[in-house]
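A.B. asks: What follows is each chain in one-letter form.
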Amino acid sequence: MTWSKTKQKIIEPAFSNNEGAEGKRILCYDEAIREALQLALSRDKRVFVMGQGVDDPDGMFGATRNLHLEFGPERVFDTPLAEGAMMGVAIGAALAGMRPVYFHNRPDFLLLAMDQLVNHAAKWSYMFGGAAFVPLVVWACIGRGWGSAAQHSQALQGLFMHIPGLKLVMPGTCHDAKGLMLAAIADQNPVLILDHRFNFNYKGMVPPEAYTVPIGKGVIRRKGRDVTIVAVSHLVIDACHAAQEAAAYGVEAEVIDPRTLRPLDEEIILNSVAKTGRLIIADCGWKTGGITAEIGAMVAEKGFTYLKAPIKRIACPDLPTPAACNLDEACSIGRDNIKKALLELTR
Amino acid sequence: MKLPEKTLRQLLFEMMRIRQIQLAIESRYLENEMKTPVHLCIGQEAVAVGVCANLKKYDYINSTHRGHGHYLAKGGDLRALIAELYGREAGCSKGRGGSMHLADTTIGHYGSSSIVGGGIPIGTGMGLAIKMQKKNKVSVIFFGDGAADEGVLYESINFAVLKKLPVIFILENNQYSVCSKVSARQAGDNIFHAMPAGLLMTKKVNGNNVLDVYNASLKAVARARTGHGPSFIECLTYRIRGHAGCEVQDVPGYRPVGEIERWKTLCPIAAFRKKLLTNKMITLNEIKKMEKKIDKQIEDAFAFARTAPPPKPETLPLYLFRE
Ligand SMILES: Cc1ncc(C[n+]2csc(CCOP(=O)(O)OP(=O)(O)O)c2C)c(N)n1
Ligand SMILES: [Mg+2]
Chain A
3 MTWSKTKQKI
13 IEPAFSNNEG
23 AEGKRILCYD
33 EAIREALQLA
43 LSRDKRVFVM
53 GQGVDDPDGM
63 FGATRNLHLE
73 FGPERVFDTP
83 LAEGAMMGVA
93 IGAALAGMRP
103 VYFHNRPDFL
113 LLAMDQLVNH
123 AAKWSYMFGG
133 AAFVPLVVWA
143 CIGRGWGSAA
153 QHSQALQGLF
163 MHIPGLKLVM
173 PGTCHDAKGL
183 MLAAIADQNP
193 VLILDHRFNF
203 NYKGMVPPEA
213 YTVPIGKGVI
223 RRKGRDVTIV
233 AVSHLVIDAC
243 HAAQEAAAYG
253 VEAEVIDPRT
263 LRPLDEEIIL
273 NSVAKTGRLI
283 IADCGWKTGG
293 ITAEIGAMVA
303 EKGFTYLKAP
313 IKRIACPDLP
323 TPAACNLDEA
333 CSIGRDNIKK
343 ALLELTR
Chain B
4 MKLPEKTLRQ
14 LLFEMMRIRQ
24 IQLAIESRYL
34 ENEMKTPVHL
44 CIGQEAVAVG
54 VCANLKKYDY
64 INSTHRGHGH
74 YLAKGGDLRA
84 LIAELYGREA
94 GCSKGRGGSM
104 HLADTTIGHY
114 GSSSIVGGGI
124 PIGTGMGLAI
134 KMQKKNKVSV
144 IFFGDGAADE
154 GVLYESINFA
164 VLKKLPVIFI
174 LENNQYSVCS
184 KVSARQAGDN
194 IFHAMPAGLL
204 MTKKVNGNNV
214 LDVYNASLKA
224 VARARTGHGP
234 SFIECLTYRI
244 RGHAGCEVQD
254 VPGYRPVGEI
264 ERWKTLCPIA
274 AFRKKLLTNK
284 MITLNEIKKM
294 EKKIDKQIED
304 AFAFARTAPP
314 PKPETLPLYL
324 FRE
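Top to bottom, those sequences are chains A and B. Mapping to the numbering used here: the first sequence position 22 is 24, numbers consecutive. Mapping to the numbering used here: the second sequence position 155 is 158, numbers consecutive.
In case anyone wonders, no lab produced these hints; they're calculated from the structure. Each residue gets a CB set at the ideal place from its N, CA and C atoms; glycine is no exception. Take these hints with a grain of salt, some might be off.
[Claimed, not checked] Examples of chain A residues lying across from chain B (beta carbon under 7 angstroms, computed):
1. P59
2. L83
3. H154
4. C327
5. N328
6. A332
Bound conformation, chain A alone:
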């Protein structure tokens, strides 16, 4: 929609793991996802793309733009507004040998499909002792701002992370948006990719070939000795900026991008905390029972002796999103909250 169209695309910061990326090809975030879909559609006849508005001129924030023209309306198609039924349809197609990629505008609308996703897709392999499996990719995009309000801005990753049998992926860079989409399509299981609208503000290094980013492996985006920041999705970049700014005060933060929340790369987080002794977790979902709670509990359980200070959690206050922009801003989190937490923790 108009208010969600992003203006100028900003280049991603130079992450410690893509040094030497100069001269490599730069793509916008939407183009990176689109390229993954394009590759999957052309290499694998089983892959198809469905969802409300995937064939709109806007093409799901650009991620599916014109794919229906290239691959035909049989393989890239609009659906009725029937999230519950369509999720079941996608599951059925997956069971019968297809590889559906089902796009949803917002996680809020996924709630209508919760029965099929949670009671069915996430159970099928286990419940039948592995007799059948559901290779399904579901994608949804978190967004907030411009008075989107309570029913159009929920960051529900905490809810989905709770479900055994469902993989949960949240990319933070253009490179990973492509690689994780290809990995999700190749996976034999239901994978939910939650993107954040703010990611679509960025462009970054994306190799042209088909590649996958392993599901379940996090990555260190910035090395540091004093504090570990685990940041999710668009907050990875915010965390890198905050770390850069805090460096001026002599604080060196290590930024970890888990990339996948389920399965979670516990090792990379614990190893980092073992080194730094301090942990900040930043996620745009609600605090109670959310991502920050789960990662915090995991570290308290498995890395208690490493900790020199209480864990700090940066998350959305436990409230529905208000429409009024001054209230909305008061509960959004970003670079400044992370920087403040960094300085407090190392004071």
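With the hints as your guide, set chain B with the ligands onto chain A.
C.D. replies: Leaving out everything else, chain B with the ligands in the frame of chain A:
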């Protein structure tokens, strides 16, 4: 049926009012002061007005993301609507809801959902309460053709029929869900035909003809009030503007060339105005006076909303629960 001239003039006035308010919102939208996704109902005024003209203040309505017209036609306060769009404490939802989430319980409007189809079972439940309380009210549910894709509509209708609830389902078929035409989502013209005829009153009307809408809903309301159960009315209309925002923000390329222009010529207000003028039920001068009166109300509402204070930051946690 012959309606009194006063009623006819009132129908025209209400439609003109909704249109002028929508245009006023649109003309100020690019100032970026109304920071909320507005879904305008330009071209669809006859549906809200034709239905609500049959309702009492205490009757219930249930609305959608495209809800300005329903709110206004039912008698919602204009200042509170505009203040809501500006995110003010004086807004009808205290600035918490924004354009898609309007409410005014004093006129039987208990809140609109921006989850498509979300209001349908809720309005049905309000009908259940009316029946259990033996009240003489009706519950009207407005929803779009997109919502008619959702299974919850058919489930709710089944329940309303089963329990003979005083519920009126008003399908506002504006032929689009965002950029997706009805024919891309529905197997034929079957929204109406999928209804269990014989079990409830079903009618398909020209949604751009306010009298057709009025007469159909008059019957439906009478049935509901006399314990004869639910009705379903499909009003065929057209979304003149894009899905959201103002005219220039519409996405190009998804509608057939000339379609918008053709529907503009079928404007529900122009047609009705002409009819009243031809039959000498109103004069041009009287129409001008109406326009002026509405403009004044609009000016007042915008002046009020712009200067009204935003919610205080410390009120952020309020209203999560009823204390
Ligand atoms: C359950 C659900 N699915 C998708 C959306 C996204 N969405 C918001 S409005 C809209 C269009 C709905 O079309 P319709 O019901 O015909 O109402 P109209 O916009 O035409 O008034 C869509 C798809 C949503 N809000 N809720
Ligand atoms: Mg519609």
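A.B. asks: Please name the hints from earlier in the document that this structure breaks, with their numbers sorted from lowest to highest.
C.D. replies: Going through the list in order, the structure violates no hint and respects every one.
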